[in-house]
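Protein chains in written order, with my numbering: chain A, 86 to 380; chain B, 329 to 641; chain C, 330 to 694.
Calculated directly from the structure, the hints in this document are not laboratory data.
Possibly wrong hints are sitting among the right ones.
[Stated by the list, open to error] One side only, chain A facing chain B, incomplete, derived with CB under 7 Å:
| no. | residue |
| --- | --- |
| 1 | I172 |
| 2 | Y176 |
| 3 | P193 |
| 4 | L234 |
[Stated by the list, open to error] Derived list of chain B stretches under chain A, where covered just means 3 residues or more per stretch with a C-beta under 8 Å from a C-beta of chain A:
| no. | stretch |
| --- | --- |
| 5 | 434 to 443 |
| 6 | 574 to 581 |
Every residue gets a Cβ at the ideal spot worked out from N, C-alpha and C, and that includes glycine.
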Amino acid sequence: MMDTYANPWAYRAQWAYLLIIVGALMAPVFYTIYISFNEHGFGAQIYDFTWDWYVVLFRNQQIIDSLSWTAYLGAATILTAVPMGLIAAKYYKRTRHKVVFVTLMLSPLFVPADILGSALLVYFKNLNRAFEWLGDSLGVTWFYGWFELGFFTALVGLILWTVPYAFVVILITMSRYRVQQTEAARSCGATAWQAFWQIEFPQIRVGVFSASAFVFILSFNEYTRTSLLKGGFDTFTTVLISHMFNTGMSGDSYAMGGLVSVISMAVIGAVLVYTLAKAERLEREARAKAEPVAA
Amino acid sequence: MTAETSPAIEPPAGRGRDIAAKPRWRRFLTGEDGIQKVVFYIPLVFMTLFFALPVALTLVWSVFERTRFWMEPGFTLFAYETFFTSARAENFLHAMMHSAGAVVISFVLGFPIAVFVRRRVPEIAQHRVILLFILPFMISELIRIFALRPVLSRHGLLNSFLMDIGVISEPISAILFTPLGVVIGEVLSFLPFMVFSGFLAMEAVQKYVFEVCDDLGAGTVSTFKDIIVPLAAPGIFAGSVFIFVNGLGVGLIPNILGGPGATNAGSIVFESIVALDFPLAMAVSAIMIVTLMALLYIGHRLFDLTRILEPIS
Amino acid sequence: MSQNADNAVEVIDLSKNYGPVAALKEVSFSIESGKYFVLLGPSGGGKTTLLRLIGGFIKPSAGTVLLHGRDVTDLAPNERPTSMVFQSYALFPHMSVAKNVGYGLKLRRMRKAELDERVEEMLAMVGLEGYGARMPHELSGGQQQRVQLARSLVLQSDVLLLDEPLAALDAKLRKDMCLELKRIQEKVGITFIHVTHNQEEAMTVADRIAIVAGGELVEQGAPRDVYERPVRRFTADFIGENNLFDGRVTKTGGNAATVDLDFATVQALNGNGLAAGQAVALSIRSELLGLLTPADAENGGLQTIPAEYLEEVYLGLTTSHLVRLPNGQEIMVRTLSNGEAAATFEPGQTVTVGWKTEAARLHPD
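So that you can see chain A by itself, here it is in the shape it has in the complex (with noise of 0.2 Å):
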């Protein structure tokens, strides 16, 4: 910062240029809404605000079933992913093979969703095929359409999905715990579990909270892997995207884009406010601890 006096206008210009980055990612998102208020749909000359749009979205027995699809997959998925996330970051923290498991956990992050939901799929069906083989041999049959397609395999493409985000975001809020307060507890007579859950739970909660979040937006957004791996059901997005490619776009399709949209920045937003807020405090708590007050 040492020379922002000198030349407070390239500084203001680049900040002015990150906001314009900002406003370029995120215009497409606000005018898809825009456009879902007007009762004229796209391209039309004039502007009349409308719900109407919405109105039609929430008639649709369709989009509400896909709705509630959407909402059980985004719950599994909080309840898997998020505390699977947290075991990750606890075993992370105690590997000894660091690099070989984050590589493991990071690495669905790089593989695109067609290439990994169709590996998937795959090797769903061959497990089927296994399971049924297996099953005739034996003469057992309660294994039978463990992964046929549906709820559990979409829900397994998802997990993949956002487990990596909850496990770093996790990581990031464990990374400023003490581990010395757990063996503390633990000295004090707190088993495992107790330290765990009265000592270091507590202060990681925002990373949990903030990782459910992120979880069920990944989710909820989820298009590809979903509708490789989901069998007979529809979820919102599958819907908003075989309705646009069968019908074209129509005004539903941008209430529908909005609709998704304006979920996300709601959940996100929170979050953010809520771990700023959080994280405000605990930098003030530092700082008192930085400076300790006079004995």
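Got chain A sorted already, so can you dock chains B and C onto it with the hints?
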């Protein structure tokens, strides 16, 4: 440790006396070495079973024989032959070029932001500024790509904006459904990742490094070339690989923004699955995964990618 | 396996390996109940590893830990009758001071009224009456350590482990806290095991000191013994301000031994068990050396070596004189600073360094 030694002397008052007397099976259920330890391996097992294994098996499935609705074990390079001798290979090459273009544009547009935030923004505010980029990143690529359609189309936001400020007098119709639209879609989708990974790598650079540079009177260009880029190389590389591979692999982008016949690896795979040509889908997947692994391996050998993770470990 | 219930801690052949690195190599010792025991040594020497093994925070690769005669090797920290005070950051930041101190009691489901009383009592003992409602970040570093101490003591464990408890404090505060730790230990009467790399701290608090370095227990004894009569060369080098000379025994007779230092031949008195021709190290604390006037030197009764005077370093209470021996080795002679310097030396001047024969100690290792 022999069995008769422990109880020989009555231990003095103190906690734990009774705990030590717990039978073995109770210790297995409640002690750290018992079942609790198994829990820690769940992510490892899950990721191996549902990620590493399927991804590795694409190589095997890609040489299976295609049947009418499925495939059967065998060894044939037919799928690869189909891929390399059809128009798909050419489309794939074009997609690679577009994706590489998106990488360059993202670097040029996005990386300076990471540098700026690290150098000029007060330390406590840095993370908040970076969080600004979380918002577009978290709204799915699907919605952002979908949303680009009205923006880029003939009557869309971009054209009306350009006409309003007088840059053009006639709307440009050659954006949407062209390679340009695809590249724009990729940049808008993945640019935040360049900012994140660039910033993460820059975090390892202590602020005094910049002060020393300024102190020594190093110019902007030489500071950038000699100090910033080498230090942030792992982050730049990780970001570039991410954008390149996803630009190549996210089938939605050419599907929605590209013209007729626009494809990339992702859409080829998706279409092959729909066409029940599983070996072909697996062959293209395998090519992508091998490419990804090779890039990450090369990057790791060159720049030690684990450096990016230092701030969190 | 020896067992003695009077020993609060007994460690038998304890080893800890991290992969190929041996952090601790078959260490055995015991600590008498009610003693203030200090593990002193350079960083990375294994003393903290040893303490953590006793507390159960890490598992030994081999060996046994007995607490009051009971084998606890396989028990977790919460199952052992020990509690631990950490160097720093160990208070629970989301709990008040009183909650911190009462945490262990709460785990034992003590009734609230009794718990509050015990916490208040313990806070009073460590000098923090009325601080119960404060949060940890509102306390100074010294106060935080006092809270930790109270949190451990309130449990009335048999053994209190202290891992560099004063290392994060400034020098003045550390001195005060040392005396206070000693006072508290005498009051509660339980066994304290205190890890430190600071000699002065160790000397202040310890009933017994064990020197730990290179993964081994080098030597142990009362502070005075370790300081004045170190057995091992390492101890002599590490404790106090000793000058070490390498030489070879030329003659032995009873306790006495004659040692050839190349540039001089001197006598020493703890030559038991040495044989002529054996390589030894000879150590003399710098405060037992003197710079002799020609008259002193001729008086006899002293061991002397010639040296070249280099420089004087004034340290307040004492003054150190740096001199160079004929073989090029530089050694330190320390004298009490007395107002007017008795004799001043010029750099480059030839001087004689001397000491009483009993001041030198031989270390065969």
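Going through the hints against the structure:
1. For I172 (chain A), the interface hint holds, the least distance from its beta-carbon to any beta-carbon of chain B being 6 Å, beneath 7 Å.
2. Residue-level restraint check for Y176 (chain A) holds (minimum Cβ-Cβ distance to chain B is 5 Å; threshold 7 Å).
3. About 6 Å separates the beta-carbon of P193 (chain A) from the nearest beta-carbon of chain B, less than 7 Å, and the hint is met.
4. Interface hint at L234 (chain A): violated, since its Cβ lies 12 Å from the closest Cβ of chain B, which is beyond the 7 Å cut-off.
5. Three residues within the 8 Å Cβ limit are the bar, and the stretch 434 to 443 of chain B against chain A gives 4, so the coverage statement holds.
6. Under a criterion of three residues with beta carbons nearer than 8 Å to beta carbons of chain A, the stated coverage of the stretch 574 to 581 of chain B is upheld, 6 such residues being counted.
In the structure shown, a violation is registered for the earlier hint numbered 4 alone.
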